[in-house]
Amino acid sequence: MIDFVRNVRLWFAPSAVREEGQTPDYRFSLANERTFLAWLRTALALVGGGFAVDQFLPDLRWGWRVGLALALLAAGVLCALRAVNHWIRCELAMRRGEDLPVSRFPALLGLVVAVVAVVMVVVVLVGWEE
Amino acid sequence: MSGAAAREVERDPGLQPERTRLAWRRTTLSSTVVTVLAGKAALAGGGSVAAGVAGAVCCACWVGILAVAHRRIRALAGGGVPDALVPPYAAAAVVCLVVTVVSGAVLVLLG
Numbered sequence: 001m002i003d004f005v006r007n008v009r010l011w012f013a014p015s016a017v018r019e020e021g022q023t024p025d026y027r028f029s030l031a032n033e034r035t036f037l038a039w040l041r042t043a044l045a046l047v048g049g050g051f052a053v054d055q056f057l058p059d060l061r062w063g064w065r066v067g068l069a070l071a072l073l074a075a076g077v078l079c080a081l082r083a084v085n086h087w088i089r090c091e092l093a094m095r096r097g098e099d100l101p102v103s104r105f106p107a108l109l110g111l112v113v114a115v116v117a118v119v120m121v122v123v124v125l126v127g128w129e130e
Numbered sequence: 001m002s003g004a005a006a007r008e009v010e011r012d013p014g015l016q017p018e019r020t021r022l023a024w025r026r027t028t029l030s031s032t033v034v035t036v037l038a039g040k041a042a043l044a045g046g047g048s049v050a051a052g053v054a055g056a057v058c059c060a061c062w063v064g065i066l067a068v069a070h071r072r073i074r075a076l077a078g079g080g081v082p083d084a085l086v087p088p089y090a091a092a093a094v095v096c097l098v099v100t101v102v103s104g105a106v107l108v109l110l111g
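Line order of the protein sequences matches chains A and B. Counting along the first sequence from 1, when you hit position 84 you're at 84 in this note's numbering, and nothing is skipped either side. Counting along the second sequence from 1, when you hit position 78 you're at 78 in this note's numbering, and nothing is skipped either side.
FYI, nobody ran anything at the bench for these hints, they're computed from the structure. Be aware that a few hints might be false.
[Stated by the list, open to error] Listed below are several chain A residues computed to face chain B (Cβ distance under 10 Å; list not exhaustive):
(1) E19
(2) G21
(3) T23
(4) R27
(5) G110
As the structure is a computational prediction, the values presented were derived from the model and not from experiment. Glycine included, C-beta positions come from ideal geometry on N, C-alpha and C.
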């Protein structure tokens, strides 16, 4: 968490990253950029899923519909913030010649998506409608 | 070595700049889908001022993501060795997404 706050400073400072270590092969940076974009698209998909739950399950009880939609939107925000944070950490690690950072976020996100999917199936099948 | 051969050598056989450019393009398409869904939520909001403002904010954020992607795509399409992505671009795209979600949450709570 403290690392996250420290990295936020770097988000808006283009030159600060370049002061660290040496510039890696540009192809590694591009691969890191594509990974960042893939995570950003994952975040966009979660946000889109949140909007879809809100718009296309109108018969669901208000609490369930809004709760699921807001949970998916929040997951999207977390995913996006983590995407840019992880991109910076990887970029810094490559410049310093360190190992790439490991993360338990993918496993966590997988579990959350699985739980949300099961909850959605149950809610739609049992039909907790108003 | 002739000029044409020199350019062949410079070209990355893994097509990394092209793949990165297409990744940006896919991201703009994803954000378009999200914006269309947000627009539907805004229109379903019953024409209230708050829903209209939230929908307009979502559209503005979509334009922001398009602008970032456009500049990055142009840099990648220029040929040669492209510069690395700078943090403010990445942060701008993420900030646009976060603002979209905040106004989207307003739309969901209004709806």
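To see whether the hints hold, each was checked on the structure:
1. E19: violated, 12 Å
2. G21: violated, 13 Å
3. T23: Given a least distance of 8 Å, the restraint on A/T23 holds.
4. R27: With Cβ-Cβ at 5 Å, under 10 Å, it holds.
5. G110: Violated - the Cβ of A/G110 stays beyond 10 Å from chain B, reaching only about 20 Å at its closest.
Hint compliance for this structure: hints 1, 2 and 5 are broken, all remaining hints hold.
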